[in-house]
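Using the hints, put the two standalone chains together into the complex.
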Amino acid sequence: MTSSLHVVITCVKLLLLPSYFSTDFEVHRNWLATTYSLPISQWYSANHSEWTIDYPPLFAWFEYFLAQIAAFVDIDMLSIHNRNYSSNATVFFQRLSVIITDFVFYYGSRKCAQSIALLVKSPKIKKKKHMDESNISVFVIELLLIANVTLLLIDQIHFQYNGFLFGILLVSISHILKGENYRGAFWFTVLLNFKHIYLYLAPAYFVYLLKHFCFRKNIQFAMKRLIKLGLIVLGVSSISFGPFVFNGQIVQVFKQLFPFKRGLSHAYWAPNFWALYNAADIGAKITYKDYDLIQNNNSTSMTRGLVQEFEHTVLPSITPQITFILTIIFMLPCLYKLWKSNRNPIDFVRCLILCGLTSFMFGWHVHEKALLLAVIPLTLLVFTSTNDCSMFTMLSTISTYSVFPLLFKPFEFITKSLLLLVNVSFLYNTGKFKSLNRLEKLYLISLGPLLLLTEVGWMVLRFDQRYPFLPLMLTSFHNSIGVFYCWIKYYLYYISQ
Amino acid sequence: MSLYCDTMIYKNLIPIYLKKVLDEKLILMIAVLFRWFVSLHDYSGKSKTPMYGDYEAQRHWMEVTVSLPTTQWYFNSSDNDLLYWGLDYPPLTAYHSYLNGLVLKRILPESIQLSTSRGFESKFHKLLMRYSVLIVDLLIFIPAVCWFFRQFFKIKNNNQMSQTMTIAMTLLYPGLILIDHGHFQYNCVSLGLFVASVASMFTNKTIFTCVLFSMALNYKQMELYHALPFFFYYIGFIYETYKKHSFITALKTLSILVLSVMITFLLLWLPFISDPKQMFQVIHRIFPLERGVFEDKVSNIWCLINVLYKLRNMNNHTMATICLMTTFISVMPTCLDLLKNPSKIKFLLSLINCSLSFFLFSFQVHEKSILLVAIPVLMYSPQSVFMCTWFVTLTTFSMLPLLIRDNLLVPFISLSLIYFIVHYNIEKLISQQKETSKLYLLRNLSLFGCVILTFCAIALKPPPKYPDLWPLIISVYSCMHFVLFLIYFNFSQLMLQIPKKKLY
Numbered sequence: 001m002t003s004s005l006h007v008v009i010t011c012v013k014l015l016l017l018p019s020y021f022s023t024d025f026e027v028h029r030n031w032l033a034t035t036y037s038l039p040i041s042q043w044y045s046a047n048h049s050e051w052t053i054d055y056p057p058l059f060a061w062f063e064y065f066l067a068q069i070a071a072f073v074d075i076d077m078l079s080i081h082n083r084n085y086s087s088n089a090t091v092f093f094q095r096l097s098v099i100i101t102d103f104v105f106y107y108g109s110r111k112c113a114q115s116i117a118l119l120v121k122s123p124k125i126k127k128k129k130h131m132d133e134s135n136i137s138v139f140v141i142e143l144l145l146i147a148n149v150t151l152l153l154i155d156q157i158h159f160q161y162n163g164f165l166f167g168i169l170l171v172s173i174s175h176i177l178k179g180e181n182y183r184g185a186f187w188f189t190v191l192l193n194f195k196h197i198y199l200y201l202a203p204a205y206f207v208y209l210l211k212h213f214c215f216r217k218n219i220q221f222a223m224k225r226l227i228k229l230g231l232i233v234l235g236v237s238s239i240s241f242g243p244f245v246f247n248g249q250i251v252q253v254f255k256q257l258f259p260f261k262r263g264l265s266h267a268y269w270a271p272n273f274w275a276l277y278n279a280a281d282i283g284a285k286i287t288y289k290d291y292d293l294i295q296n297n298n299s300t301s302m303t304r305g306l307v308q309e310f311e312h313t314v315l316p317s318i319t320p321q322i323t324f325i326l327t328i329i330f331m332l333p334c335l336y337k338l339w340k341s342n343r344n345p346i347d348f349v350r351c352l353i354l355c356g357l358t359s360f361m362f363g364w365h366v367h368e369k370a371l372l373l374a375v376i377p378l379t380l381l382v383f384t385s386t387n388d389c390s391m392f393t394m395l396s397t398i399s400t401y402s403v404f405p406l407l408f409k410p411f412e413f414i415t416k417s418l419l420l421l422v423n424v425s426f427l428y429n430t431g432k433f434k435s436l437n438r439l440e441k442l443y444l445i446s447l448g449p450l451l452l453l454t455e456v457g458w459m460v461l462r463f464d465q466r467y468p469f470l471p472l473m474l475t476s477f478h479n480s481i482g483v484f485y486c487w488i489k490y491y492l493y494y495i496s497q
Numbered sequence: 001m002s003l004y005c006d007t008m009i010y011k012n013l014i015p016i017y018l019k020k021v022l023d024e025k026l027i028l029m030i031a032v033l034f035r036w037f038v039s040l041h042d043y044s045g046k047s048k049t050p051m052y053g054d055y056e057a058q059r060h061w062m063e064v065t066v067s068l069p070t071t072q073w074y075f076n077s078s079d080n081d082l083l084y085w086g087l088d089y090p091p092l093t094a095y096h097s098y099l100n101g102l103v104l105k106r107i108l109p110e111s112i113q114l115s116t117s118r119g120f121e122s123k124f125h126k127l128l129m130r131y132s133v134l135i136v137d138l139l140i141f142i143p144a145v146c147w148f149f150r151q152f153f154k155i156k157n158n159n160q161m162s163q164t165m166t167i168a169m170t171l172l173y174p175g176l177i178l179i180d181h182g183h184f185q186y187n188c189v190s191l192g193l194f195v196a197s198v199a200s201m202f203t204n205k206t207i208f209t210c211v212l213f214s215m216a217l218n219y220k221q222m223e224l225y226h227a228l229p230f231f232f233y234y235i236g237f238i239y240e241t242y243k244k245h246s247f248i249t250a251l252k253t254l255s256i257l258v259l260s261v262m263i264t265f266l267l268l269w270l271p272f273i274s275d276p277k278q279m280f281q282v283i284h285r286i287f288p289l290e291r292g293v294f295e296d297k298v299s300n301i302w303c304l305i306n307v308l309y310k311l312r313n314m315n316n317h318t319m320a321t322i323c324l325m326t327t328f329i330s331v332m333p334t335c336l337d338l339l340k341n342p343s344k345i346k347f348l349l350s351l352i353n354c355s356l357s358f359f360l361f362s363f364q365v366h367e368k369s370i371l372l373v374a375i376p377v378l379m380y381s382p383q384s385v386f387m388c389t390w391f392v393t394l395t396t397f398s399m400l401p402l403l404i405r406d407n408l409l410v411p412f413i414s415l416s417l418i419y420f421i422v423h424y425n426i427e428k429l430i431s432q433q434k435e436t437s438k439l440y441l442l443r444n445l446s447l448f449g450c451v452i453l454t455f456c457a458i459a460l461k462p463p464p465k466y467p468d469l470w471p472l473i474i475s476v477y478s479c480m481h482f483v484l485f486l487i488y489f490n491f492s493q494l495m496l497q498i499p500k501k502k503l504y
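Heads up: the sequence lines are chains A and B, in that order.
Per the UniProt record's numbering, residue 1 is the first one in the first sequence, and the count goes up by one each step.
Per the UniProt record's numbering, residue 1 is the first one in the second sequence, and the count goes up by one each step.
A few of these clues could be false.
Here are the simulated DSBU-like cross-link-like pairs (lysine-lysine), alpha carbons at most 30 Å apart as the crow flies [as the list claims (entries may be wrong)]:
| no. | chain 1 | residue 1 | chain 2 | residue 2 |
| --- | --- | --- | --- | --- |
| 1 | A | K441 | B | K19 |
| 2 | A | K434 | B | K19 |
| 3 | B | K105 | A | K409 |
| 4 | A | K111 | B | K428 |
A few chain B positions that, by computed beta-carbon distances, are all more than 12 Å from chain A [unchecked claim]:
| no. | residue |
| --- | --- |
| 5 | P15 |
| 6 | K25 |
| 7 | F37 |
| 8 | D42 |
| 9 | M51 |
| 10 | V66 |
| 11 | D81 |
| 12 | L128 |
| 13 | E240 |
| 14 | P276 |
| 15 | P288 |
| 16 | N407 |
| 17 | P411 |
Bear in mind the hints are in silico, worked out from the structure with no lab data behind them.
All residues carry an ideal CB built from backbone N, CA and C; glycine is no exception.
Chain B extracted, bound-state conformation (with noise of 0.2 Å):
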C-alpha cells in the first residue's frame, strides 16, 4: 500500500510543480504565442482567383467600408459588387472593418484602393491583417475569459478544476485560434463580447449583460444561436422577482433590460434606421434565405440526411420551415427548463444545448459555426472537464475538412496534440483513481477514430466517384457525436437539481 502511495505521489509530483510554475500570466503569454505561431501559417484562399477567401473578404470590406458612404454599404451598384464578398454581417463588423480599414489607408493605402485592390497580397499586408486579429483578440476575448472565470469561481468553488487551469484549456482552443489566426476571421470579437456579456450576468450586472449581449449579436447574426437562454432566463429570473418581491420591482427590471437592448441597437443602427429600404436591405443581407441550407459539407443533421435523401432539390421555403420546426422541438426541453429554474448552472447547459441545436437543425450552418457550441461548453468545463474537452476535441476534428483546404494542417496536428497532452496530465493531477472506467475507454476510441480519418484524410485518395469521401466521412462521424452529446448536456440539465435558495 505505501508503495503504491509514494509511486501515485512520485507520478503526480512533476505535474503539481508544473501547476505551481504556470501561473495565469504565464498562461496568457503562452496563449498569445500560440495564436501568433498559427498566424505565420496560410490564410483561407491565399492566390485562389477569382474569389479568393475569408481574408479578402474581410480585406473587402475594409475596402468598402473606408470607400463608399455609410448608405452604400449594403447596396448594389457599380462601387459594390455584392456577388463579390458583399457585406453580409450586422453593422458593427462594417464598423469594425472601417476602423481597420482606416488604419489601412494610412499604412498601405494600395491594399484598400476602391476597385482596384481586388486580391491583393503581400506580405506585409499579411502582417497587418493578422495583428488586427491578434490586437481585437487580446482586447477582448482574452480578457473576457479571464473576467468570467474569475466570477465563476466566485460563485462555484466546488470545481474539480482550478481556475488557472481552465483558463488554460479556454485559451488554448484549438477550434477558434485556427479560425480566427489561421484561416482569418473576427469569431474572437463577437464571442468575446458574448463571454464578457455571461460574465456581467454573473456578477448580476443587467445593463451591462444586455449592452455586450446586444452588441455580440450586431457584431455576429449567427450569436442569435446563443439568444433564446439569454431571453428565458431573464424572463424566469423577472418572474421569480415578482413573486419575492413586488409586480413593480419585476416591471422596473423588465423595463430597463427592454430600454437597454433597444438603445443599443438603436445606437448601432443609426446610420440606417432612417431609412426603411436601408434598414429592410440590411436585413436581407444578414439573412440571405436564397442560399442553401447548408454549405459544404457540415456536420449536422441535414448534411447527414443528404447521404441519403438529396435535400438541396428541396423548395427553400418549405425547408427553411423544416428546419424551424424541428431547431424549436429540439430548443424546448431546455428553454422552459430555464424558465422554471433560472439558474446560473442552467443558464449555461442552456447556452450549450441551444446553441447545439440550432448547430444541428437550423437553416444556412457553416461549419465554422461549431465554435458557437464550442465556447459555452469551455465556459462550463470546470462543471466536467472530462465530457467538456472530448466535445471541445471533437469540434476541431469536425472542421478538418476546411483547415485542409486552407493548408492549415500542420498547425490543426501541433494544437490538438499539444490540447489533448494539456487536457491528459491535467486529468492525472484532478483524478486520484486510476482510470478504468468505461467511459474513458469509449473517449479514447473515439478519439482514436479522429487520428484514423485524420490519416485517412491526407494519405489516401478518395475513389474517383466519390471526391468528397473523407469530407464527408468526417463530418457524418463528428455529427453522430453531437448528437449524443446533445442528449448528454439536455440531461445534465434537465437532472440537475439546484437548491430553491441558491436560485440567481
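Pulled out of the complex, with its shape left as it was, chain A reads as follows (with noise of 0.2 Å):
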C-alpha cells in the first residue's frame, strides 16, 4: 500500500515538471556548474555569478556528484559561462534529480513512522485493536509527511532539494527514538554538512545527547560516551570540511556560510516575529507621521526584487546580534525543561519543534521555508495529544499558505489553491479538525477570503498599480500572527507538562 503511495506522489511530481521555477534552479545549476568545472580550491570564491555556493561543502560534493551524471545529459548546462541556462534537457534533468533524491525522505518517513508508533502505542500493542489502529496510525503518518504540499511546493515548483534533507533528518531523529544514539547524532552531523540551516535543531540535539544518553551513570561513563559522540560528529566534518582546509579556502568558506549583509527580513517576510515588527514600524509611521504609501517608493522597494536592507524608522533597528540573543533566550526555557524532564524522546521531538519555530520567530533573514523545520517533526506526534495535532493541523496549513507568495506566476495560483484545499479536505476527513477551537477553525477558514482577496480582488479592483506590496504585507502580517500564537501555545503546553 505505501510503495503505491510512493509511486502515486512521484506520479505527481512529474507531472508538475513544467511548472514555473525560481531563481534557486539556475542557483543549483551554477552549483553544477562550478563544481564541474572549477578546482575545489575555488568553490567557494568563483565569482563568476552571483550565486556563490553557500551550502556546506557535503552539498557541494553532492552537486559534484550530480554534475557528473549531468555532463551525460546536456554539456552546456555545466559550462560557468552560461547565464540562466535552462534548455528542456536541464530542466528534465533537474527537476529529475530532486524527485530521484526524494525517495531518501520516503525512506525515512518509513523509518519514523514506525518507531514512533513503537513508543506510542507500545503498552497496548498486544490487543488487535490496537495493533490495528497502530498501523492505521504508521500509514497517515507516513502519507501526511510524503505528501506534505509545502514541501511539495517548494521542491518540485520553486526548486529546492528540501525533500532529501528532511528525509536524513527523519532516518536521524528515528534512530534517536530507538535508542541507537550514536547513529542519531552521525546522520544529524551529516545533514548540517549538507545544510547549516539545520543548526536551529542543534540546541535540542546537544541537550538531549548530553543530559539523557551522557550523564546517565558516573562522570566516568558519561566522558567515554561523549568522547565518542565527539569523535563522530569531528569524524564527519573533518572529511566534508578537510579538503577546504587543506586548500587554505576555510575562512571563505565560512564567509560564503554566515552571509549577515543580508538583511533582517527576506525580500518577502517570512511570517515570524520580524514581520509583525516590520508591520508595527510602518503602522506608527502611517500614524504619527502621516506617512503617504503611495508616494514614497522607498519603502515599497523593501518588498520586491532581490535582497535588500530594510531600515525602521520608528522603532529601533535590530542588528544580528539582537536576533542571535533573543533566540537563545527563548530557547532556554525549553531545553531546561528538556533537560529536566525524564528519558523520553517524544519530549525531545517536542523539543526540536520548539528550537525549529523559536528560531524561525526570532532568526536573522529566515526564509519562510524554514517553517517546515517545524513541521516535519510535528506530524510525527499526530497521534500523540490533542495538542500536538491542533498544533500540527494549524502550523502545517499556515506553513502552506506562507509559501504561496513565491509562486506568484498566474499558471500556478490554480495549483497551488486547490493543493491546499485537498490538504485541508483530507485533514477535515481524517477528524484532524476536530480538536481546534473556534477561535483556530475560524483563523484557518479566514485564510480563503484572504487568498481571494491578495491574489484575485486585488487585480479585479486595480490595485495592483498602485499597492503592489500590500497583498504580501497582508499575507505575512496575517500568517504571522498565526505563527507567533502557535508558538505561545506550543510553547505553554511543552512548559506546563
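The following block contains the structure:
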C-alpha cells in the first residue's frame, strides 16, 4: 500500500515538471557548473556569477556528484559561462534529480513513522484493535509526511532539494527514537554538513544527548560517551571540511555560510516575529508622520526584488546580535525543560519542534520555508495528543499558505490553491479539525478570503498597480499572527506538561 | 485459518480507511487537480508552423466566429480559408467558439484578430484557453458524471463498487484528461451532454433526454456513434407502452419525442435554415466524404487490413459503402436485442457495442474517437469493473502515438500509472479471493504488452524503411483487443437476462 503511495506521489511530481521555477533553479545549475568546471580551491570563491555556493561542503560534493551524471545529459549546463541556462534537458535533469533524491525522504518517513508508532502504542500493542490502529497511524503519518504540500510546492515548483535533506533528518530522528543515539548523532552531523540551517535544531540534539545519553550514571561513563559522540561529529565534519582546510579556503567557506550582510527580513517577509515588528513600524509611521504609502517608493521596494536592507524609521533597527540573543533566550526554557524531563524521546521531538519554531520566530533573515523545520517533526506527533494534533493542523496549513507568494505566476494559482484545499479537506476528513477550538478554525477559514483578496480581488480592484506590495504584507502579517499564536500555545503546553 | 483472516484484515485495513476518508468532494477536487496538472504541459502543434494543431484550430474558430457574420462561418471566402482549419463541427461548437471568442476579445483582442492572429501563441493565451476547457469540464462533464452515477446507483445498488469509487474511476480516466486538457479539445462538452442525457433517461425524463442528446449531436457529429441505441431503446419503449397501455399513450410518447428533438434542432440551426444553400454547406462540412477512410494510425479494422492491402487506393465512395455495410452488420445484434428488451442496463451495453462497432468499421475515424467508446464503458463499469478498467486502459494506450507527437508522454505515463494503482487497490478491496483466476493473468500479460510497446516507442528507433513501425504495431495491438472486447460486450448484452417486470 505504501509503495503504491510512493508511485502516486512520484507521478504527481512528474506531472509538475513544466511548472514555473524560481532563481533557485539557476542557483543550483550554477553550482553544478562550478563544481564540475572549477578546482575545489575555487568552489567557494568563484565569482563568475552572483550565486556562489553558500551551503556546507557536503552539498557541494553532492552537486559535484550530480554534475558527473549531468555531463551525459547536456554538457552545456555545466559551463560556467552560461547564464540562466534552462534547456529542456536541463530542466528535466534537475527536476528529476529532486524527484529521485526524494526517495531518501520516503525512506526516512517510513522509518520514523514506524518508530513513533512503537513508542506511542507500546503498552497496548498486544490487543488486536490497537494493532490495527497503529497500522493506520503509521500509514497516515507516512502519508502526511511524504505528501506534505509545502514541501511539494517548494521542491517541485520553486525548486530546492529539501526533500532528501529532511529525509536525512527523519532518519536521524528515527534512530534517536529507537535509542540508537550514536547513529542519530552521526546522521544529524551529516545533515548539518549538507545544509547548516539545521543548526536551528542542534540545541535540542545537544541537550538531549548530553543529559539523557551521556550523563546517565557516573562521570566516567559520561566522558566515554561524550568522547565517542565528539569523535563522530569531528570525523564527519573533517571529511567534509577537510579538503577546504587543506586548500586554505576555510575562512572563505565560513564567509559564504554566514552572510550577515543580508537584511533582517527576506524580500518577502517570512511570517515571524519580525514581520509583526516591521508591520508595527510601518503602522507607527502612518499614524505619527502622516506617511503616504503611494508616494514614497523607497518603502515599497523592500518587499520586492532582490535582497535589500530595511531601515526601521520609528522602531529601533535590529542587528544580527539582537536576533541571536533573543533566539537563545527564548530557547532556554524549553531546553531546560528537556534537561529536567525523564528520558522520553517524545519530549525530545517536542523540544526539537520548539527549537525550530523559536529560531524561525526570531532568527536573522529567515525564509518562509524554514517553518518546515517545525512542521516535519510535528507531523510525527499527530496521534500522540490532541495538542500536538491541533498544532500540526494549524502550522502545516499556515506553512503551506505562507509559501504562496513565492509561486506568483498565473499558472500556479490553481495548482497551489487546489493543493491547499485538497490538503485541508483531507485533514478535515481524517478528523484532525476536531482538535481545533473555534478561534483556530475561524483563523484557518479566514485564509480563504485572504487568498481571494490578495490574488484575485487585487487584480479586479486594479490595486495591483498602486499598492503592489500590500498583498504580500497582508499575507505575512496574517500568517505571522497565526505562527506567533502557535508558538506561544505550544511553548506553554510543553513547559506546563 | 485465523492467521489468514488476520492478514486479510491487515491487508485491507488501509484501503478501507482510505475509502472512508476519500469522500466524493475530495475525489472531485483531486480530479480537477489532475486536469490542471496536465494543462501545465504542451498542447498539440505547439510552435509547429504552418498548420499547428487542434489548439490553433480552436483558436481559429474563435477568430472566425467573432469576426464574421453567421452566414459566412461555413463558407470559403477571402476572410475564411476553409483549407486552414475550416469549421467542420455542427453549430453548437460554433456558438461555443463564439462565446469563447467574445471573452477573448475583451481580455486579449490580438489573439483573435481576423487573419493576422494565425498561429498566435503566448503564455497568457495558453492560460486563458486552458481555463476555458476547465470551466466547461467543471460545468458540464463533471456534474453530468456525478448525476449519472447517482441515478445509476438508485436503480442498481447490488454493485461491486461504491458510488464514490466509480466516480473516481470515471473522472480520473487518463484518456479524456489528456486529450481535453493536454492535446486541447472540448470533448468534455459533447461527452458531458451525452452522459447527462443518459442520466436523465435513467430518471425517465424523456424530453430532457432528447434535448440533451440533440445538443450533444449538435456539438460533435461523432455523437452519432451513440444515436442508434437511443433510437432503438425508445422504439422498444414505445412498443412496450403500446402493449401495456393504449395506442394513444404510445402515440403521445412518440410525438413528445419527435417534437423535442425537432425543436432543439430547429433552435440550434436557426441561423442556417433560412437558406437551403447554408444548410447543405454546413452538412457538407460536417460529413467530409473527400477525406480518406482513416487518418494517421487508428486502431480500427481498416487500418489493420491496410497493413496487408492498401485501402487508400480504393475509391472513397466504394470504401464508404463497404464501411456502411460492415458497420450495419456489426451493430445489428445489439440493436435488435435492445429493441426486444429495452432495459437500461442493456441500453448501456448497447451504447458500448454500437460505438465500438462504429469505431472499428466506420468511415473517417480519428484515434480520438475511442473516447466515445470509453465513456459508455466507464458508465457500465460498476457492473464489471475488471473488464471495463482493462478496456479503458487500452483505449488510452491506443492514443499513445498521438500523445507522443504532442509531447505528452510524461503526463500519459504518470496518469496511467496512477489510474492503474487506484484500480489495483479498489480491486483488492472488493474481491475477497486471492487473484488466481486465469483472466487476471491474461489482463496482466496484456498490460505488460502495453508497457513493452510504450518502452519500444520511446526508446527504440524504428528501422529507416518503416518509420511508422511503432505506431502501427500499437494500433494493431489495440485493435485486436478492441475486436475481442466487442465480442465480449456483445455476449454480455445478449446473455443478460432481464426479468420482465423490471423493464424500463
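Outcome of the hint check:
Restraint check: the Cα-Cα separation between K441 (chain A) and K19 (chain B) comes to about 25 Å, which is no more than 30 Å; the hinted pair holds. Distance check on the hinted pair: K434 (chain A) and K19 (chain B) sit about 20 Å apart at the alpha-carbon level, within 30 Å; holds. For the proposed pair K105 (chain B) and K409 (chain A), the alpha carbon gap of about 23 Å is at most 30 Å, so the pair holds. Between the alpha carbons of K111 (chain A) and K428 (chain B) the distance comes to roughly 26 Å, so the proposed pair stays at or under 30 Å and holds.
Interface exclusion of P15 (chain B) from chain A breaks down, the closest Cβ pair being 7 Å apart, not more than 12 Å. The Cβ of K25 (chain B) sits about 6 Å from the closest Cβ of chain A, inside the 12 Å cut-off, so the non-interface label is violated. Not every beta carbon of chain A lies more than 12 Å from that of F37 (chain B), the smallest distance being close to 4 Å; the non-interface claim is violated. In this structure D42 (chain B) is not separated from chain A by more than 12 Å, as the shortest Cβ-Cβ distance comes to only about 8 Å.
Listed as outside the interface, M51 (chain B) is consistent with that label: its C-beta sits roughly 23 Å from the nearest C-beta of chain A, beyond the 12 Å cut-off. At roughly 23 Å from the closest C-beta of chain A, the C-beta of V66 (chain B) stays outside 12 Å, upholding its exclusion from the interface. The beta carbon of D81 (chain B) is kept farther than 12 Å from every beta carbon of chain A, the shortest such distance being approximately 32 Å. A beta-carbon of chain A comes within 12 Å of the beta-carbon of L128 (chain B); the shortest separation is about 10 Å.
At roughly 45 Å, the least C-beta separation between E240 (chain B) and chain A is larger than 12 Å, which holds for a residue marked as non-interface. Look at P276 (chain B): its CB is around 47 Å from the nearest CB on chain A, clear of 12 Å, so calling it non-interface holds up. The beta carbon of P288 (chain B) sits about 35 Å from the closest Cβ of chain A, which is more than 12 Å, so the claim that it is off the interface holds. The beta carbon of N407 (chain B) is not kept farther than 12 Å from every beta carbon of chain A, the shortest such distance being approximately 9 Å.
Remark: the non-interface label on P411 (chain B) conflicts with the geometry, its nearest Cβ contact in chain A lying 6 Å away (cut-off 12 Å).
Checked against the numbered hints given earlier, this structure breaks hints 5, 6, 7, 8, 12, 16 and 17; the rest are met.
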